[in-house]
Structure formats: C-alpha cells, structure tokens
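A.B. asks: The primary structure of each chain is shown beneath.
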Amino acid sequence: MNHWPFIIAAYGLTAAGSVALAAWSYIAMRRAEK
Amino acid sequence: MARSLVDSRADPAYPRPVPSLHALANPARFLAIARPLTPVLFWAGVALILFGGWAGLTQTPPDYLQKDSVRILYIHVPTAWLGMGGWSSIALSSLVFLVWRHPLAMIAARAIAAPGATFAALCLATGSIWGRPTWGTWWQWDGRLTSMLLLFFVYLGFIALVRAEDERAGFGGGGRIAALYGVAGSVLLPIIRYSVIWWNTLHQGQSIGLTKSTIDPAILWPLWFTLSGFTLFFAGIVLMRMRTILARGKAEARLRRRAHHVEVTA
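Chains as they are written, first to last, in the numbering used here: chain A, 1 to 34; chain B, 1001 to 1266.
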C-alpha cells in the first residue's frame, strides 16, 4: 500500500485547520481591537 | 488613630510588596505583555512547525514496520498534546477563577476552548488517517480513541455553556457554571492517558517520554520541533483570542454605559 496519500491528507488537513484557526482568531482580534 | 501625612511607601526603606497573583493578572498589565508577545509566539511557532514538518517528511528514514506512514507522528502527537494540554489549562484556569474570582482566568479558559477543540478534532482526524494504513481500519471503538472523542465533545459542551452564560448574563458575565464544568471535565485526562494501559487497544502504548523513548532517535528528533512549534503557535492563538475577548468586553461596557446615560437623561 502506498502510504503517501495518507501522509499528504494528514498534513493537508492539519495545515488547513491551523491556517483557518489562525485566520479566524486574527481577524476577530483585529475587528475587536479596532 | 492618627494617620501620617507622609506616605511611608515612598520611603525606599519601606519594604516593597511582592506583586500578588491578582496584580500580575491585571488586564492592563496583561495587554502590555500580550501585545508584543503575540506575534513573537505565533511566528516562532510557525517557523518551528515548518522546519519540523520539512525534516519529518524528507530527513528521516521510514520505520521498519510502519514504513512512511510513521511521518504522521510529527503532526499527530502535537495535536494530541494540545488537545489534552488545552483542557488541562482550561481546568487550571477554571480553578483559579473559582478560588480567586479573577475574571482574566475565565477569559483564558474561554480563549483556550476553540483552539483546544480544533486540535482535539485534528488529533482524531490524523489518527484515523494514520490508522487506515497501519491498523487496516479508520476507526476502532477502543479506550484511547473513544476517550479522545469524548474530550472533543466535552470541549463543545464548554463552548456551548460559555455562550449560554454570555446570553444570560451579558458578554463575559457569569462563568461559574462553565468553570465548574471545566474542572469536572479534567476527569477525562487520566482516562485518556492511561487508556492504553487499562484496556486492550489497537493504539500503541506509551512510547514517548521526557527522559526516554522507545522510538529511534533518528526518527524522533523532528518531533521536538513540531511539538514546541505547535505549542508556541497555540499560545499565540490563545493570546489573540484573549485580546479579542477583552476588547469586546470593553466595547460592550462602553455601550452599556452609553445606554444607561441615555436612560438617565431621557
């Protein structure tokens, strides 16, 4: 079994989740502190 | 009793009081530290994650048994650490809020909830993806996986409770029920930690410790970069969210004062 699709999926999901969380937190902070 | 007109505290000989926990947790002092610290923690975390991720994907050998899928370790372990560490911090902050009644502690607990839930969900997702090539299944209702799923639902319950208390008592109001829930939820942490010992499970046992590890150092070393990177990233996010809550609370208090002024003058 080729493991790379699973590795890419795991890393991609973590990257997407982390970027979304950071963007959401940053935008909320900027709006609140304006 | 006669009071001295001279403030003895201005005297250099007067012993300076040690700053109390309350003084250090003052929102103004907190913001003075948090504002410059937020980008430092965030970008240092991102740099460490990128380096650790790159090293984990390209600079380490595949495991003799798990082959290349072992590389999921470098993101799965930090997400599990933050999912559990996040709840430990919520429990501690809730306890501080209940004992010392300091609102900043509850603000910290509220700020940790969403990132903690996100990392608990990422831990479950990456674990499931890792399970397919190594165990032959996406999911198993065993002690470790089920208790981690429960922790994710406990996070959702905490977020819902905080929102309900906000609706009932105004933004940032109340917090006592959520704090009690925060402390009570910590009962799950030892269950998750020892689930691989107490029950027969597909999940591997404890393999990484602070002093010794059963994983070969040639495979393990990038983990310390992603682990510290995600921890700093998490701390940066929590500071952003604490600043958001403080700013919203301030804006709401200003609106309330203005509404009260209009009522009085009408």
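Simulated from the structure, these hints should not be mistaken for laboratory data.
Mixed in with the good hints there might be a few duds.
To be verified - Cross-link-like lysine to any residue pairs, in silico, SDA-like; alpha carbons within 20 Å at most: (1) B/K1250 x B/R1029; (2) B/K1067 x A/A23; (3) A/K34 x B/V1077; (4) A/K34 x B/L1227; (5) A/K34 x B/G1249; (6) B/K1250 x B/R1035; (7) A/K34 x B/P1027; (8) A/K34 x B/R1035; (9) B/K1067 x B/V1077; (10) B/K1067 x A/R31; (11) B/K1250 x A/M1; (12) B/K1067 x B/S1128; (13) A/K34 x B/K1212; (14) A/K34 x B/W1135; (15) A/K34 x B/K1067; (16) B/K1067 x A/P5; (17) B/K1067 x A/V19; (18) A/K34 x B/T1134; (19) B/K1212 x B/N1200; (20) B/K1250 x A/I8; (21) A/K34 x B/A1247; (22) A/K34 x B/R1256; (23) B/K1250 x B/V1077; (24) B/K1250 x B/K1067; (25) B/K1067 x B/A1164; (26) B/K1067 x A/E33; (27) B/K1067 x A/A9; (28) B/K1250 x A/R30; (29) A/K34 x B/Y1194; (30) A/K34 x B/S1128; (31) A/K34 x B/A1032; (32) A/K34 x B/L1037; (33) B/K1250 x A/A9; (34) B/K1067 x B/W1135.
Since this is a predicted model, take the numbers as computed values, not measurements.
A.B. asks: All hints, please: hold or fail.
C.D. replies: Now for the hints, and whether the structure bears them out:
A distance of roughly 15 Å separates the Cα atoms of B/K1250 and B/R1029; the hinted pair therefore holds under the 20 Å criterion. The suggested pairing of B/K1067 with A/A23 is violated, with an alpha-carbon distance near 34 Å, which exceeds 20 Å. At roughly 37 Å between alpha-carbon atoms, A/K34 and B/V1077 are farther apart than 20 Å, so this suggested pair is violated. Distance check on the hinted pair: A/K34 and B/L1227 sit about 33 Å apart at the alpha-carbon level, beyond 20 Å; violated.
Proximity of A/K34 to B/G1249 is assessed by CA-CA distance (about 13 Å); at most 20 Å being required, the pair is judged to hold. For the given pair, B/K1250 sits about 16 Å from B/R1035 by alpha-carbon distance, which is consistent with the 20 Å threshold. With a CA separation close to 18 Å, the supplied pair A/K34 and B/P1027 stays within the 20 Å bound. This hinted pair checks out: A/K34 and B/R1035 have alpha carbons roughly 14 Å apart, not beyond 20 Å.
For the hint pairing B/K1067 with B/V1077, the CA-to-CA distance comes to about 17 Å; that is within 20 Å, so the pair holds. Under the criterion of a C-alpha separation no larger than 20 Å, the hint pairing B/K1067 with A/R31 is inconsistent with the structure, at around 46 Å. Of the supplied pair hints, the one linking B/K1250 and A/M1 is violated, its CA atoms being roughly 56 Å apart against a limit of 20 Å. Straight-line distance between C-alpha atoms of B/K1067 and B/S1128 comes to about 17 Å, which keeps the hinted pair within the 20 Å bound.
Between A/K34 and B/K1212 the alpha-carbon distance is near 48 Å, which puts this suggested pair outside the 20 Å criterion. Annotation: proposed proximity of A/K34 to B/W1135 is violated, straight-line Cα distance about 50 Å (limit 20 Å). For the hint linking A/K34 to B/K1067, the alpha-carbon distance of about 50 Å lies beyond 20 Å, and the restraint is violated. Of the pairs offered as hints, the one joining B/K1067 and A/P5 holds, with about 13 Å between alpha carbons and a cut-off of 20 Å not exceeded.
Our distance criterion of 20 Å between C-alpha atoms is broken by B/K1067 and A/V19, whose separation comes to about 28 Å. With a C-alpha separation of about 49 Å, the suggested pair A/K34 and B/T1134 falls outside the 20 Å cut-off, and the hint is violated. For the hint linking B/K1212 to B/N1200, the alpha-carbon distance of about 23 Å lies beyond 20 Å, and the restraint is violated. For a cut-off of 20 Å, the pair hint linking B/K1250 to A/I8 is broken: about 43 Å separates their Cα positions.
Straight-line distance between C-alpha atoms of A/K34 and B/A1247 comes to about 9 Å, which keeps the hinted pair within the 20 Å bound. For the given pair, A/K34 sits about 18 Å from B/R1256 by alpha-carbon distance, which is consistent with the 20 Å threshold. Of the supplied pair hints, the one linking B/K1250 and B/V1077 is violated, its CA atoms being roughly 38 Å apart against a limit of 20 Å. Restraint check: the Cα-Cα separation between B/K1250 and B/K1067 comes to about 53 Å, which exceeds 20 Å; the hinted pair is violated.
Of the pairs offered as hints, the one joining B/K1067 and B/A1164 is violated, with about 47 Å between alpha carbons and a cut-off of 20 Å exceeded. The straight-line distance between the Cα atoms of B/K1067 and A/E33 is roughly 48 Å, outside the 20 Å bound, and the hint therefore fails. Taken as a hint, the B/K1067 and A/A9 pair is honoured in the structure, with Cα atoms around 16 Å apart against an allowance of 20 Å. Taking the CA atoms of B/K1250 and A/R30, the gap is near 14 Å; set against the 20 Å cutoff, the hint holds.
Between A/K34 and B/Y1194 the CA atoms are separated by roughly 46 Å; this puts the pair beyond 20 Å, and the hint is violated. Of the supplied pair hints, the one linking A/K34 and B/S1128 is violated, its CA atoms being roughly 41 Å apart against a limit of 20 Å. As the CA atoms of A/K34 and B/A1032 are separated by approximately 17 Å, the hinted pair is consistent with the 20 Å bound. Between A/K34 and B/L1037, the direct Cα distance comes to roughly 19 Å. Compliance with the 20 Å bound is thereby established for this hinted pair.
With a C-alpha separation of about 42 Å, the suggested pairing of B/K1250 with A/A9 is violated against the 20 Å cut-off. Under the criterion of a C-alpha separation no larger than 20 Å, the hint pairing B/K1067 with B/W1135 is consistent with the structure, at around 13 Å.
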